[in-house]
Amino acid sequence: MMSNTIDRLVEDLTPIKPLKNRDGIVLTLGLTAVFAAIVVMTLGIRGDIMMGMPHPMFFLRAGALLLLGVTSCYAVIAMGQPAVGNSFKGWIWALCAALLFPATAIVMALIAAPDNMAVFVPRYGLECLSVSALVGCGIATAQIGWLRRSAPVALNRAGWLVGISSGALGAAAYGLHCPFNGIFYIGLWYTLSVMICAFLGRLIVPHLIRW
Amino acid sequence: MIASEETLRHLMIKAQGGDKLCYSSLLVECEKWLRRYYARKINPSAIDDLVQETLISLHRKRSSYDPNRAFLPWLAAIGRYRWIDSLRKIYRHEHDQLYEEMVADPQDEGVTAKVSLERLLGMIPPKQAEVISLVKIEGLSIIEASAKTGQSESLVKVNIHRGLKKLSSMVETE
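Residue numbers (my numbering), protein chains in the order written: chain L, -9 to 201; chain S, 43 to 216.
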């Protein structure tokens, strides 16, 4: 029986090109750039960027989201080439850095109520949430396609990481339009956006990976 | 005698290029390696199926092997994944002997120790490892495992579930 299986597999052999991590990362980041351009063209760019004087919070927020998005993207792509002894811990530090935003928002809220009530206006927040998540879903398709071609052996972790990565990159793309700089707004809506994408990734992605 | 890491790596690189002769040799060597790898770590009656499934996974996912990296850790990661998947499916299989010949003649001892299934089982709490071994590997029923370990039946089930979940999360990292 085993020799039949081996004969069948040998018969089925065709030359293949080994997957390269670099291709997966370039594909994901390229798609992020395309979505960022679409956000800017359809919703418009932040006024302070347009004037050439971006607010410092824009850099902090974009930096934290990109760091989280890129490190978790690297972990997702590397998971496609399994090997005992692999370690994917870099994204954890980026996640800790990104969590400073909601943590600061909570501490500040305990000290004083938010002065800008825009944070509680669902219209703005829901736009942030829905656009970020939508862009995130688009970015996730590239990562899911990569994982289906490759061989991830920890499916649940792959799901979490796809969600975190695509959610963070989607939020970073939307950040080019988002005019709000308040810590409460960022701590609430951006955190929710990445969290929702992470949970969706955990729920959906493992079922889409085929062995 | 199983081929060395370097030989297996060389055969895999040739196989990725479409060399059927090398691929055939590689699969034969991998079959031998996997039989030893799974020895005592699954019910003997399930080994044939598990080795076959792992070879099919190797075939389907052969593009995920990076020619610049070692071969056995890659094969072991796929092997562990398939093993845990197989443990999940197994409930009770009668058996009364282990194939002694499968545990002899270890190759690449350093690599094998690092990627071994014993090591993986050793990373989870002893109570979870014990009931997984009794129920999923030795083929005892939940009731028998409960009587043998002193854990309640529901605790045996919970420990198996938690243990397998933990093993899944450690396929590559430990």
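What the hints contain is simulated information worked out from the structure, not anything from laboratory work. Since this is a predicted model, take the numbers as computed values, not measurements. Warning: the hint list may mix true and false statements.
Unchecked claim - Examples of chain S residues toward chain L, derived with CB under 8 Å:
hint	residue
1	Thr49
2	Arg51
3	His52
4	Gly59
5	Gly60
6	Ser106
Cβ atoms here follow ideal geometry from the backbone N, Cα and C, with glycine treated the same way.
Practice task
Grab the minimum C-beta distance from S/His52 to chain L and call the hint holds if it beats 8 Å, violated otherwise.
Solution key: 14 Å, violated
Handout entry: Residue hint S/Arg51, partner chain L, criterion CB-CB below 8 Å
Key = 12 Å, violated
Handout entry: Evaluation of the interface hint that places S/Gly60 against chain L, nearest CB under 8 Å
Key = Given a least distance of 3 Å, the restraint on S/Gly60 holds.
Handout entry: Minimum beta-carbon distance criterion (8 Å), S/Thr49 to chain L
Key = 17 Å, violated
Exercise for the section: Closer than 8 Å between Cβ atoms is the bar; does S/Ser106 clear it against chain L? Give me holds or violated. Expected result: This hint holds: S/Ser106 lies near chain L, its Cβ roughly 4 Å from the closest one there, short of 8 Å.
Practice task
Mind checking the CB of S/Gly59 against every CB in chain L and telling me if the closest is under 8 Å?
Solution key: Holds, because the Cβ-Cβ distance from S/Gly59 to chain L comes to roughly 5 Å (cut-off 8 Å).
The structure shown violates the earlier hints numbered 1, 2, 3.
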